[in-house]
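Chains as they are written, first to last, in our numbering: chain A, 14 to 389; chain B, 14 to 389.
Watch out, some of these pointers could steer you wrong.
The list treats identical chains as one, so a pair stands whether inside a single copy or across any two.
Pairs of lysine-lysine residues, derived as DSBU-like cross-links and limited to a Cα-Cα distance of at most 35 Å, are as follows [said to hold, decoys possible]:
| id | residue 1 | residue 2 |
| --- | --- | --- |
| 1 | Lys54 | Lys95 |
| 2 | Lys133 | Lys45 |
| 3 | Lys311 | Lys350 |
| 4 | Lys45 | Lys160 |
| 5 | Lys133 | Lys350 |
| 6 | Lys350 | Lys205 |
| 7 | Lys95 | Lys205 |
| 8 | Lys54 | Lys73 |
| 9 | Lys350 | Lys73 |
Bear in mind the hints are in silico, worked out from the structure with no lab data behind them.
2 protein chains.
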Amino acid sequence: MSSLPANIGDAFHDIDTPALVVDLDAFEKNLKTMADFVRKKGLRLRPHAKTHRCADIALKQIQLGAVGQCCQKVGEAEALIKAGVRNIIITNQIVSEAKLVRLAHLARQADIALCFDDRKQVDMASRIAAAQGVELGALVEVDVGMKRCGVAPGVPACELAAYIEAAPALRFRGLQAYQGAAQHLRTYEARKAAVEHAAQQVQSTVDLLSENGISCEIVAGAGTGTYPFESAAGPWNELQAGSYIFMDAEYGAIEGADGGPYSDFNHSLFVLASVMSVAAVPGRAILDAGLKSFSVEKGMPKVHGLRDATVIGASDEHAVLVMDTAHGARNLALGDKVMLIPGHCDPTVSLHECIVGVRNGRVESTWRIDRDGSSR
Amino acid sequence: MSSLPANIGDAFHDIDTPALVVDLDAFEKNLKTMADFVRKKGLRLRPHAKTHRCADIALKQIQLGAVGQCCQKVGEAEALIKAGVRNIIITNQIVSEAKLVRLAHLARQADIALCFDDRKQVDMASRIAAAQGVELGALVEVDVGMKRCGVAPGVPACELAAYIEAAPALRFRGLQAYQGAAQHLRTYEARKAAVEHAAQQVQSTVDLLSENGISCEIVAGAGTGTYPFESAAGPWNELQAGSYIFMDAEYGAIEGADGGPYSDFNHSLFVLASVMSVAAVPGRAILDAGLKSFSVEKGMPKVHGLRDATVIGASDEHAVLVMDTAHGARNLALGDKVMLIPGHCDPTVSLHECIVGVRNGRVESTWRIDRDGSSR
Numbered sequence: 014m015s016s017l018p019a020n021i022g023d024a025f026h027d028i029d030t031p032a033l034v035v036d037l038d039a040f041e042k043n044l045k046t047m048a049d050f051v052r053k054k055g056l057r058l059r060p061h062a063k064t065h066r067c068a069d070i071a072l073k074q075i076q077l078g079a080v081g082q083c084c085q086k087v088g089e090a091e092a093l094i095k096a097g098v099r100n101i102i103i104t105n106q107i108v109s110e111a112k113l114v115r116l117a118h119l120a121r122q123a124d125i126a127l128c129f130d131d132r133k134q135v136d137m138a139s140r141i142a143a144a145q146g147v148e149l150g151a152l153v154e155v156d157v158g159m160k161r162c163g164v165a166p167g168v169p170a171c172e173l174a175a176y177i178e179a180a181p182a183l184r185f186r187g188l189q190a191y192q193g194a195a196q197h198l199r200t201y202e203a204r205k206a207a208v209e210h211a212a213q214q215v216q217s218t219v220d221l222l223s224e225n226g227i228s229c230e231i232v233a234g235a236g237t238g239t240y241p242f243e244s245a246a247g248p249w250n251e252l253q254a255g256s257y258i259f260m261d262a263e264y265g266a267i268e269g270a271d272g273g274p275y276s277d278f279n280h281s282l283f284v285l286a287s288v289m290s291v292a293a294v295p296g297r298a299i300l301d302a303g304l305k306s307f308s309v310e311k312g313m314p315k316v317h318g319l320r321d322a323t324v325i326g327a328s329d330e331h332a333v334l335v336m337d338t339a340h341g342a343r344n345l346a347l348g349d350k351v352m353l354i355p356g357h358c359d360p361t362v363s364l365h366e367c368i369v370g371v372r373n374g375r376v377e378s379t380w381r382i383d384r385d386g387s388s389r
Numbered sequence: 014m015s016s017l018p019a020n021i022g023d024a025f026h027d028i029d030t031p032a033l034v035v036d037l038d039a040f041e042k043n044l045k046t047m048a049d050f051v052r053k054k055g056l057r058l059r060p061h062a063k064t065h066r067c068a069d070i071a072l073k074q075i076q077l078g079a080v081g082q083c084c085q086k087v088g089e090a091e092a093l094i095k096a097g098v099r100n101i102i103i104t105n106q107i108v109s110e111a112k113l114v115r116l117a118h119l120a121r122q123a124d125i126a127l128c129f130d131d132r133k134q135v136d137m138a139s140r141i142a143a144a145q146g147v148e149l150g151a152l153v154e155v156d157v158g159m160k161r162c163g164v165a166p167g168v169p170a171c172e173l174a175a176y177i178e179a180a181p182a183l184r185f186r187g188l189q190a191y192q193g194a195a196q197h198l199r200t201y202e203a204r205k206a207a208v209e210h211a212a213q214q215v216q217s218t219v220d221l222l223s224e225n226g227i228s229c230e231i232v233a234g235a236g237t238g239t240y241p242f243e244s245a246a247g248p249w250n251e252l253q254a255g256s257y258i259f260m261d262a263e264y265g266a267i268e269g270a271d272g273g274p275y276s277d278f279n280h281s282l283f284v285l286a287s288v289m290s291v292a293a294v295p296g297r298a299i300l301d302a303g304l305k306s307f308s309v310e311k312g313m314p315k316v317h318g319l320r321d322a323t324v325i326g327a328s329d330e331h332a333v334l335v336m337d338t339a340h341g342a343r344n345l346a347l348g349d350k351v352m353l354i355p356g357h358c359d360p361t362v363s364l365h366e367c368i369v370g371v372r373n374g375r376v377e378s379t380w381r382i383d384r385d386g387s388s389r
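Bound conformation, chain A alone (with noise of 0.2 Å):
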């Protein structure tokens, strides 16, 4: 008994479903547009390993030229180590001793950097290092629009670098500046304002840091979202995007630079379905993926590749899929296969234990995904 949807070398139609499955042409094209950026604009990609928990494709993003991965917790960040990523930011803040612990630990064998917006982070963060015999590196987070984590841009930035500047066995490094609250902003005018907003907040404490002769190595931000508004110009040196790779119907319902539908890069990442149940309503399919297959927390999955077919609804392992016949919807039949794109990837990607990957017609890979013990 496998827990595993598929094999390599099985046939497309035989991969067990559910099954989280990334079209390797799409994935790889993906991978390469944003290496091809980054290098054209002479920036550093650091992507975020939220999005996959998969060192195999960690590995990939590395060889194609990024700097290391981000990750959002400790355990994202063992896990990737263990498999050979040698350079990592925590985007987080961190106020657990143990956690703490664990990240010196690993602080031994990768370039580690957290971030902060408070002292008593600093204060306890610097007393474990010290008393581990490492150094960490520091990122000061600004809150540039997002009103989650961080501090003001300008001078409170500026004091927390100076008490991490003075802290024992910590080693400032630069700014953390993510606007994730204008990733998904509908305009391309609109995310374009939000950024060249944080643009000017971001540099404006770059400068006043260099005033009090304090250099930012780093200053990181950027998501699939906005990306080219980061790099256009301005203080950020390091991009941290991660959706990139999948893309969502999330992404996919945002505007292009030219108006259209954002584009610039493919989805590649579905939920394979079976049709399991056609009785109970006519020009309904119930499908054998639910809640703990898809998350649907930005909304219901689009159906990939089916005319006038749409998801109305989930529960834990079902969804509910109704097809307009009268324009042109197909009746499914039982057994039928369905290709569905959640509405967010980082949520859907962490219910599934393995990507399975696919090319003409075959599965070419099995990548496992790292969720055990990955939150924390």
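Please build the complex by placing chain B on the supplied structure of chain A, with the hints as guidance.
Same frame as chain A, now just chain B:
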């Protein structure tokens, strides 16, 4: 490095976060309340394992009198049978040959039944069970208002039952009649009316089967929101409630028999989180648990035991908690622990690999959740 958030004997305040925590006193009381109820009513209880995916819990339920477990997927059944469960109904249709072969293997070790709502499913299951030399139990699923799976009550259900009776290697055992759409209707009367309507349909189907010489050993259904109504009178003899062991914010929001909040069972399940940042907006605390630790499709989690504190948003690994200090909420500090009641228990549980059982401020148990492959 352990991926578990705690070890047995740890103090409550040393549990690493985020963690899925069960209050063992409340949990055991819930188990006993339902076990006593069905015993008094002379009914059978077959709790749904989709709620917990945890063999430790399944075995406790059986020890208290449950006749076995319901599963939604073959993968869930495999994990439970490996742990010693010997009587399982798959409350779903199976349309995959590979899955049916796996189910046939399980039928050599346990009493297995599954649901049907189409002759093609019957043909496939009958053929595979016969080829494997086993007999599978068969329930006809009847749609009693959920509009998801199931044939219509009455003649269609009887015709499918007769078709199953004639099929080799399948044994007709009864009806699956779950009114899932009634579980969360807010008022007690609305839930009662929905189940009474379903009861007529199920009873007339049972009667029609009887007239045709087909007896129903099992008439199964009911959930945590409606079990008193299925038990009150009518055709059901086996209850399939699952959420009663944990409760959640969604069940906490419905009315009980007295018009007050539903209180048949107590909240025993919590996501334990830590305050990781308080820097960006006064009166807000950012928690280290998000969409990868609790499901939000039924709403944000509720904050347990803190007055005027509300979760207003969640991203992958963050929740935003607002404290209305003007109305008595206390300001939370970095590192403070918060207990969240998830909106929906089932998809929250399967985000975790472990349930930490706590009593009197100590960790008493760490139960493994079997999630790898469990949706297949």
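Verification of the hints:
no. : hint            : verdict
1   : Lys54 x Lys95   : within (31 Å within a copy, 55 Å between copies)
2   : Lys133 x Lys45  : neither (41 Å within a copy, 46 Å between copies)
3   : Lys311 x Lys350 : both (23 Å within a copy, 28 Å between copies)
4   : Lys45 x Lys160  : within (33 Å within a copy, 45 Å between copies)
5   : Lys133 x Lys350 : between (53 Å within a copy, 16 Å between copies)
6   : Lys350 x Lys205 : neither (39 Å within a copy, 38 Å between copies)
7   : Lys95 x Lys205  : neither (38 Å within a copy, 55 Å between copies)
8   : Lys54 x Lys73   : within (20 Å within a copy, 60 Å between copies)
9   : Lys350 x Lys73  : within (29 Å within a copy, 38 Å between copies)
When each numbered hint is compared with the structure, violations occur for hints 2, 6 and 7.
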